[in-house]
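Line by line, the protein sequences give chains A, B, C, D, E and F.
Those letters in the first sequence? Residues 10 to 167, by the working numbering.
Those letters in the second sequence? Residues 10 to 167, by the working numbering.
Those letters in the third sequence? Residues 10 to 167, by the working numbering.
Those letters in the fourth sequence? Residues 10 to 167, by the working numbering.
Those letters in the fifth sequence? Residues 10 to 167, by the working numbering.
Those letters in the sixth sequence? Residues 10 to 167, by the working numbering.
Just so you know, not all the hints are guaranteed correct.
Treat identical chains as interchangeable: a pair holds within one or across any two.
[Said to hold, decoys possible] Here are the simulated lysine to any residue pairs, SDA-like style, with alpha carbons at most 20 Å apart:
| id | residue 1 | residue 2 |
| --- | --- | --- |
| 1 | LYS145 | ARG32 |
| 2 | LYS39 | ASP90 |
| 3 | LYS145 | GLU67 |
| 4 | LYS58 | ASN163 |
| 5 | LYS39 | ASP127 |
| 6 | LYS14 | GLU47 |
| 7 | LYS39 | GLY129 |
| 8 | LYS130 | TRP74 |
| 9 | LYS130 | LYS145 |
| 10 | LYS26 | ASN153 |
| 11 | LYS130 | GLU67 |
| 12 | LYS14 | GLN36 |
| 13 | LYS145 | PRO52 |
| 14 | LYS14 | GLY116 |
| 15 | LYS58 | ASN153 |
| 16 | LYS58 | GLY158 |
| 17 | LYS39 | ARG83 |
| 18 | LYS26 | GLN70 |
| 19 | LYS58 | GLU73 |
| 20 | LYS14 | GLU73 |
| 21 | LYS130 | GLN70 |
| 22 | LYS12 | ASP102 |
Treat the hints as calculated values from the structure; they're not laboratory data.
Source: prediction; values computed, not measured.
Each chain, written out:
Protein chains: 6
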Amino acid sequence: MQKTKTVYFCAGWFTDKQNRAYRQAMQAIKDNPTIDVENSYIPLQHQYKGLRVDEHPELLQDREWATATYNGDRVGISTSDMLLAIYVPEEEDVGMGVELGMASSLGKYIMVVVPDEDFGKSINLMSWGIADNFIKLSELAKYNFNRPGFDFYNGGVY
Amino acid sequence: MQKTKTVYFCAGWFTDKQNRAYRQAMQAIKDNPTIDVENSYIPLQHQYKGLRVDEHPELLQDREWATATYNGDRVGISTSDMLLAIYVPEEEDVGMGVELGMASSLGKYIMVVVPDEDFGKSINLMSWGIADNFIKLSELAKYNFNRPGFDFYNGGVY
Amino acid sequence: MQKTKTVYFCAGWFTDKQNRAYRQAMQAIKDNPTIDVENSYIPLQHQYKGLRVDEHPELLQDREWATATYNGDRVGISTSDMLLAIYVPEEEDVGMGVELGMASSLGKYIMVVVPDEDFGKSINLMSWGIADNFIKLSELAKYNFNRPGFDFYNGGVY
Amino acid sequence: MQKTKTVYFCAGWFTDKQNRAYRQAMQAIKDNPTIDVENSYIPLQHQYKGLRVDEHPELLQDREWATATYNGDRVGISTSDMLLAIYVPEEEDVGMGVELGMASSLGKYIMVVVPDEDFGKSINLMSWGIADNFIKLSELAKYNFNRPGFDFYNGGVY
Amino acid sequence: MQKTKTVYFCAGWFTDKQNRAYRQAMQAIKDNPTIDVENSYIPLQHQYKGLRVDEHPELLQDREWATATYNGDRVGISTSDMLLAIYVPEEEDVGMGVELGMASSLGKYIMVVVPDEDFGKSINLMSWGIADNFIKLSELAKYNFNRPGFDFYNGGVY
Amino acid sequence: MQKTKTVYFCAGWFTDKQNRAYRQAMQAIKDNPTIDVENSYIPLQHQYKGLRVDEHPELLQDREWATATYNGDRVGISTSDMLLAIYVPEEEDVGMGVELGMASSLGKYIMVVVPDEDFGKSINLMSWGIADNFIKLSELAKYNFNRPGFDFYNGGVY
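Extracted from the complex, chain A is given alone in its bound form:
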């Protein structure tokens, strides 16, 4: 019987490049028979009380809203089988770093996915060290997440 794994979908949506990688990765995990997309955690789909910050920017100053959204992401990591980071070397952000650290401490498998054209570019040393494996975006649809393995990043650090 084919098993499927759930992922915490860790990705930025702030630049064109990030958005393109986001969409391609989302399609790839839908195509991957070892991923259970339906029960995976996509942070953008978990806005506290269904309120969108682009329509309610005042929420960003609200401690209750921030506490709930932070905890939503924390729970997303702890209840998923692994963390999938869509990682654009020149556009990394600190929030992804926190999530990598949290996932590692819970023993969650950390797979870093880099767009093909950026694969091999230098990445931050701490991301290099805390992840369990690194693949190109074009490999995501076919990776067998039921048999996850360790490998180094095929590129340098800064």
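Starting from the structure of chain A, add chains B, C, D, E and F where the hints point.
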């Protein structure tokens, strides 16, 4: 008897603003009687085999060097009493995020220090949620780290 | 394909109210298609060597029996997908608290279920803070545990 | 050189018996040369924004206040050397249980102190199993916390 | 529906006795309907870059190879449902001990399997204490790993 | 002010070679001004109820005695500042491995000390990977444990 705490000094040194905050924070912890600077971990002082990457850029492609430097920082966090993050809101980086996540999982106290002129500016939601406290850089020299407490960041998130 | 989750069934059986909530919750998880009751851990079904303390009260003074029963519950938590606490606000006990703390440290999802007539009554601050979500007993049969989320308790603390 | 340890002072203040044990234990740790009371964490001294709930009962319904107070206690546990539980067998509460579970996961030494007249009475199985040692209140002033050891509770469970 | 669990197959292959137990245990988990052998982690099948140390003994001096192989095993433990130790009392080794410690800290179920003719012989105290259960090799094919429990080792320690 | 660190003294006492290394290491930590030997945890000094197994071999079959001794060692690790392993390459044992794994999960610094004449001999891969640093026995008396660092073992694995 006055006790002193060791810190993992988590700070960037890539921009003028980061360098200025770095120097001011370093002076402040020397002035703070509750900090033991001598036995604290300053990542820049722990280069594997004493080799400096600015003089040996080829090291950045070397897996042994990267593994040792990553583990040096990991050990720095686990053997220090707390993590002190010198945090410039517009210049956060992913490596600091990983270190915040690692420190949190070991139960290390996380103090985020923001330059006075930036205090209150929005910061990343995950940094907002994982830190234990936030102070201005001008408060660092006098904070009593023997009686650490929790507080929210006095500013918004993004 | 419908997935199912196993639970550590954390509930008291010392008062009428607890017993009523216990029975209703047990029926609800049998009715819930996202729960795997057969492979869930029900502490009452795991008595060391099949000896019942009501028939053998001397066991309560026996260190081997106590060690084995304590470890049985510990293993029940670590091998279940989540912790389900049947929580009666006026009749909380310290053992449930220990189990909440253990589950949290392992990253297990913590769902607190409160009888409908008690939902909203004040609960202990530490239970309030360590749980991931709170629902009414009448909602238990239909909650989708494949898509668990975070929310605050809709009530105060003491 | 005499070292001293800080404690998270885990105790109830809801009944006469708890209050008596609270005061006796507080005096004992002041008398104990291996305890650093000044830098220990006494929850009652850490009220968010200095607001007292007995004067502001509306705080108990306030999510920001509850989040901050819960996190204050969490930080108190993680930044203290050990957890000291003043434990009255017939008056245990769930909050103490959560704190025992949190302390255990961080590897903090857990010492349970029972009033002399209650020592030996049955206690909850989970408290019995998660603590590292148990002493009488009259022994607290002289216990050497620089050489902490393990022992069973000298009494039964329920 | 029958669920299946993945295991980290922790076993030596250095002596005749270990090899015999290895083969028997491998057959037993293939026969056990509650084990998913296909997606389990067998260390011998995970040699970094597919290089075998018996053909390339120089790898044993190579830090990159050792780092990758160590991390492969670490990931094998963290991504499996439990640790299965094939344990020969007179031929224990330190590597198995490290793996037992790592598995325990992640809350993985630890089942120790002892060859029938050795079951009852004294084992190391730390293995005795950190494992969750102990069975004979002849019981392995029928154990229901969907309902794992705790028990003591039926034998002494040294 | 000179600080001192406590150690969990992890060493075998089963062979002549182990006993010689044990005595030399014990002398070295007494000579090392950064070690607090008085408050360190020496397993041989913590026999449950002061009963010696060489005089009472029946204890090795006693579950209460074994549980208490195992937990004594567990508490010794969690309450010490670091783990010091006196490591003889050809005489490693599984109990040391479990202790290495436990120490690592609590973020304790792990220093492996190898007798000078054995330094460089191959060691088990898992010990190689989980330790933070490796020194010769002759270096132990002068190592500054207030400034612990990471380094690879200067030798191969098996």
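Outcome of the hint check:
Proximity of LYS145 and ARG32 under a CA criterion of 20 Å is satisfied intra-copy only: 15 Å inside one chain copy versus 37 Å between copies. Within a single copy, LYS39 and ASP90 get their C-alpha atoms as close as 16 Å, which meets the 20 Å cut-off; across copies the closest is 24 Å, which misses it. For the homomeric pair LYS145 and GLU67, neither the shortest alpha-carbon distance inside one copy (38 Å) nor that between copies (24 Å) is at most 20 Å. Taking the shortest Cα distances, LYS58 and ASN163 sit within 20 Å of each other only across copies (13 Å), while inside one copy they are farther apart (42 Å).
Within a single copy, LYS39 and ASP127 get their C-alpha atoms no closer than 23 Å, and across copies no closer than 42 Å, so neither meets the 20 Å cut-off. In the homo-oligomer, the alpha carbons of LYS14 and GLU47 lie at most 20 Å apart both inside one protomer (10 Å) and across protomers (15 Å), since each shortest distance falls under that limit. For the identical chains of this complex, LYS39 and GLY129 are neighbours neither inside a copy (25 Å) nor across copies (40 Å), given an alpha-carbon limit of 20 Å. With identical chains, the CA atoms of LYS130 and TRP74 are at most 20 Å apart between copies only, with a shortest distance of 17 Å across copies and 37 Å within one.
With identical chains, the CA atoms of LYS130 and LYS145 are at most 20 Å apart within one copy only, with a shortest distance of 12 Å there and 36 Å across copies. For the identical chains of this complex, LYS26 and ASN153 are neighbours neither inside a copy (26 Å) nor across copies (34 Å), given an alpha-carbon limit of 20 Å. For the identical chains of this complex, LYS130 and GLU67 are inter-copy neighbours only, at 14 Å across copies versus 38 Å inside a copy, given an alpha-carbon limit of 20 Å. Taking CA atoms no more than 20 Å apart as the test, LYS14 paired with GLN36 passes inside one copy only; the shortest distance there is 16 Å, against 27 Å between copies.
Within a single copy, LYS145 and PRO52 get their C-alpha atoms no closer than 22 Å, and across copies no closer than 25 Å, so neither meets the 20 Å cut-off. Proximity of LYS14 to GLY116 under the C-alpha cut-off of 20 Å is found in both arrangements, the shortest distances being 15 Å within a copy and 17 Å between copies. Proximity of LYS58 to ASN153 under the C-alpha cut-off of 20 Å is restricted to the inter-copy arrangement: shortest distance 17 Å between copies versus 35 Å within a copy. Taking the shortest Cα distances, LYS58 and GLY158 sit within 20 Å of each other only across copies (11 Å), while inside one copy they are farther apart (38 Å).
For the identical chains of this complex, LYS39 and ARG83 are neighbours neither inside a copy (23 Å) nor across copies (28 Å), given an alpha-carbon limit of 20 Å. Taking the shortest alpha-carbon separations for LYS26 and GLN70, neither the intra-copy value of 28 Å nor the inter-copy value of 25 Å comes in at or below 20 Å. In the homo-oligomer, the alpha carbons of LYS58 and GLU73 lie at most 20 Å apart both inside one protomer (11 Å) and across protomers (17 Å), since each shortest distance falls under that limit. Neither within a single protomer nor between protomers do LYS14 and GLU73 lie at most 20 Å apart by alpha-carbon distance, with minima of 32 Å and 30 Å respectively.
With identical chains, the CA atoms of LYS130 and GLN70 are at most 20 Å apart between copies only, with a shortest distance of 10 Å across copies and 36 Å within one. Taking the closest pair of Cα atoms, LYS12 and ASP102 never come within 20 Å of each other, the shortest separation being 32 Å inside a single copy and 34 Å across copies.
In summary, the numbered hints that this structure violates are 3, 5, 7, 10, 13, 17, 18, 20, 22.
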